[in-house]
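Chain order of the listed sequences is A and B. For the first sequence, the residue numbers in my numbering are 1 to 592. For the second sequence, the residue numbers in my numbering are 1001 to 1088.
Just so you know, not all the hints are guaranteed correct.
[Stated by the list, open to error] In silico DSS-like links for lysine-lysine, alpha-carbon gap of 30 Å or less:
#	chain 1	residue 1	chain 2	residue 2
1	B	K1083	A	K559
2	B	K1087	B	K1011
3	A	K518	A	K492
4	B	K1083	A	K239
5	A	K388	A	K212
6	A	K388	A	K342
7	B	K1083	A	K492
8	A	K492	A	K388
9	A	K589	B	K1011
10	A	K431	A	K559
11	A	K239	A	K518
12	B	K1083	B	K1011
13	A	K342	B	K1011
14	A	K589	A	K239
15	A	K388	A	K221
16	A	K492	B	K1011
17	A	K431	A	K589
18	A	K492	A	K431
Read the hints as simulated data drawn from the structure, not as lab findings.
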Amino acid sequence: MDWTLFWVFTTFALYIGIAVWARAGSTNDFYVAGHGVHPVVNGMATAADWMSAASFLSMAGLIAGLGYGGSVYLMGWTGGYVLLALLLAPFLREFGKFTVPDFVGDRYYSDTARVVAVICALFVSFTYIAGQMSGVGLAFSRFLGVDFNTGIFVGMGIVFFYAVLGGMKGVTYTQVAQYCVLIFAYTVPAIFISLMLTGNPVPQLGFISEVKGEGISMLQKLNETVTGLGFAEYTSTNKTVFDVFCITAALMFGTAGLPHVIVRFFTVPRAADARLSAGWALVFIALLYTVAPAVGAFARLNVTSSVNETTYVPAASYEADAATLIAQGTVPSPAWFANWEKTGLVAFDDLNNDGRMQIRGPASPDGLSNEVTINNDIYVLANPEIAKLPDWVIGLVVAGGLAAALSTAAGLLMVISSAISHDLCRRTFFKGMTDKAELRVARGAAAGAVVAAGFMGIYSAKLAFVAQVVAFAFGLAAASLFPVILLGIFWKRMNREGAIAAMLSGLIPTFAYIWHFKLGTGKAATAADWFLGVSPEGIGFVFMFVALIVGIIVSLATKPPPQDIQDLVEDIRVPGTRSSHGIADAGMKPVA
Amino acid sequence: MAEQPPEIDGKAYWRAVLRLTLGLLAVWFAVSFGAGILLRDWLDGLSIGGAPLGFWFAQQGSIYVFVALIFYYCFAMRRLERKFGVKG
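Model the full structure from these sequences, guided by the hints.
Listed below in structure tokens is the structure:
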């Protein structure tokens, strides 16, 4: 796979070039890119930051497998931006500091609150980043024939370069480049697949078009194809309406509470830019997120109909054997199947020894068992080959996946390093630190975090919680950080006691619930055992309400916040009026 | 209090912002949780290009509305800021 190597090298060289160009000179540069990023540029960087290896490689496949059930990810991971734009981003920008714990600690005039916020931010970010790093290792080992660990080291080296040198500034501009790589790699094959299947080059329109040459809509054909093989209807789901509601909501509120997403809106010049930037971010995200369900549906249809009941041909002598079969009037298995078999992403086990590949669902109509296993990622990876695109496009898809993984990892690294150097060192333990010293610690913390993330990636197979990123990261962000930030802006009466109580009452039960059902003794539990029938992915939404209610009750039962804090809240609500307020800004003056 | 120039009525501005925000959140809820989840079965009786409408809202339509919502919000906020003399 020479083209893969070519693209990986070229894109990596590009990222390093940008890193050298965008070095950070101050903590303001390092944490928030000097508050000087253009809203459209920030929107693009946010989109790259946001879309992880999972969004790029796995989401379309996840939707292909889940059908309507996959909608929770589509709505959840886009709808959160509406909440960010309307409820959080512009106000936090107006607040004028560097991190999410800055807001929690200063708004609630408490280092305890700050430290609890740091713990939430660190846990969420480490869970998330380990998944990205192991994705990088996997990409290298599968597609470049490099050892898994070596792959992670290469990835670490690249991220190290631009995150440690350039901080948020370097990360921002590299993410812009990474967005361009990943969106190109994603949409080009999608356009050709859509053209091939429906005759419409726009995947979003192909999704609602008729199958080319057949007078039947694409989705209807897909429904008939999968139900004919014993799968559930594509446009249906086995989840209850209430559970779908809760998962979607947990993902939305979680998105709005994720520290690495929130800090992106600290990098623009003004509150108005933060609003605009959220809009642009969603435009760039929607480009991929509206194509993904189309890719998922097309690929499910393509893969099912091009593999099912074909005669298996191994990779060793594919060309000759396939030609012989065609001459005999038999349909051979597609070439891409043979190509991807060696990566282990697809596998065939001839259970009934008829030499043909049967794809069957749980309600198999003819009693035959399913013989083909297909990894979710294959739906995106094999797309260019299914569409018969040239080799260079195939290589680009791998580079796109790496771009998605690295850009997300870098964004998370910034949260981790600033949580240590800024929130813990400068704001909690060594309050007299100079800007220069803090910048050195920040670089050191970023370097340490890269190494830690790399090792977490290497050992992630043993750390089972990494696979539960969705449940943990989003659930905890929704239940612990979102409520206190929201109340901190919209309810002046919210005080320190209420905030700490709210964070803890969201964090602890959410963590315990997910741990119990995902990793602990409840792993084998069924939906009947769930609290109110809510799956671990959706529980963050339930405990978000608990946290909100606890926060309000505890606040009302204790002293109102000092006048300085109430003035601060009034300031951040009205753009352009922010000034320094006694205890609220004693530890750090707001940056204009 | 901050050194606000007297002509800015921060309270009235904030009330207007809250009204706008609540209105837009109602739309946000209606297209995703409403059309895509709660009313889905009912909407699926209709179709858009062969796709059941509720399903389409859940996988496509809601996202388009989200994008439009944020840009409308930016526009409406700029208008409010001008009206109240907020610097923005």
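Going down the list of hints, with the structure as the test:
Restraint check for K1083(B) and K559(A): not satisfied, since their Cα atoms lie roughly 36 Å apart, outside the 30 Å limit. A distance of roughly 15 Å separates the Cα atoms of K1087(B) and K1011(B); the hinted pair therefore holds under the 30 Å criterion. With a C-alpha separation of about 38 Å, the suggested pairing of K518(A) with K492(A) is violated against the 30 Å cut-off. Taking the CA atoms of K1083(B) and K239(A), the gap is about 48 Å. The hint is violated against a cut of 30 Å.
Our distance criterion of 30 Å between C-alpha atoms is met by K388(A) and K212(A), whose separation comes to about 17 Å. About 19 Å separates the Cα atoms of K388(A) and K342(A), which keeps this hinted pair within 30 Å; it holds. With a C-alpha separation of about 24 Å, the suggested pairing of K1083(B) with K492(A) holds against the 30 Å cut-off. For the suggested pair K492(A) and K388(A), the alpha carbons sit about 60 Å apart, so the restraint of at most 30 Å is broken.
At most 30 Å may separate the alpha-carbon atoms for a hinted pair to count; K589(A) and K1011(B) meet this at roughly 25 Å. For the hint linking K431(A) to K559(A), the alpha-carbon distance of about 27 Å falls within 30 Å, and the restraint holds. The suggested pairing of K239(A) with K518(A) holds, with an alpha-carbon distance near 17 Å, which does not exceed 30 Å. For the suggested pair K1083(B) and K1011(B), the alpha carbons sit about 13 Å apart, so the restraint of at most 30 Å is met.
For the suggested pair K342(A) and K1011(B), the alpha carbons sit about 65 Å apart, so the restraint of at most 30 Å is broken. Taking the CA atoms of K589(A) and K239(A), the gap is near 49 Å; set against the 30 Å cutoff, the hint is violated. Among the hinted pairs, K388(A) with K221(A) is consistent with the structure: their alpha-carbon atoms are about 22 Å apart, no more than 30 Å. Restraint check for K492(A) and K1011(B): the C-alpha separation of about 13 Å stays at or below 30 Å, so the hint holds.
Using a Cα cut-off of 30 Å, the hinted pair K431(A) and K589(A) holds, with the two alpha carbons roughly 13 Å apart. The hinted pair formed by K492(A) and K431(A) meets the criterion: a straight-line CA distance of about 27 Å does not exceed 30 Å.
In the structure shown, a violation is registered for the earlier hints numbered 1, 3, 4, 8, 13 and 14, in ascending order.
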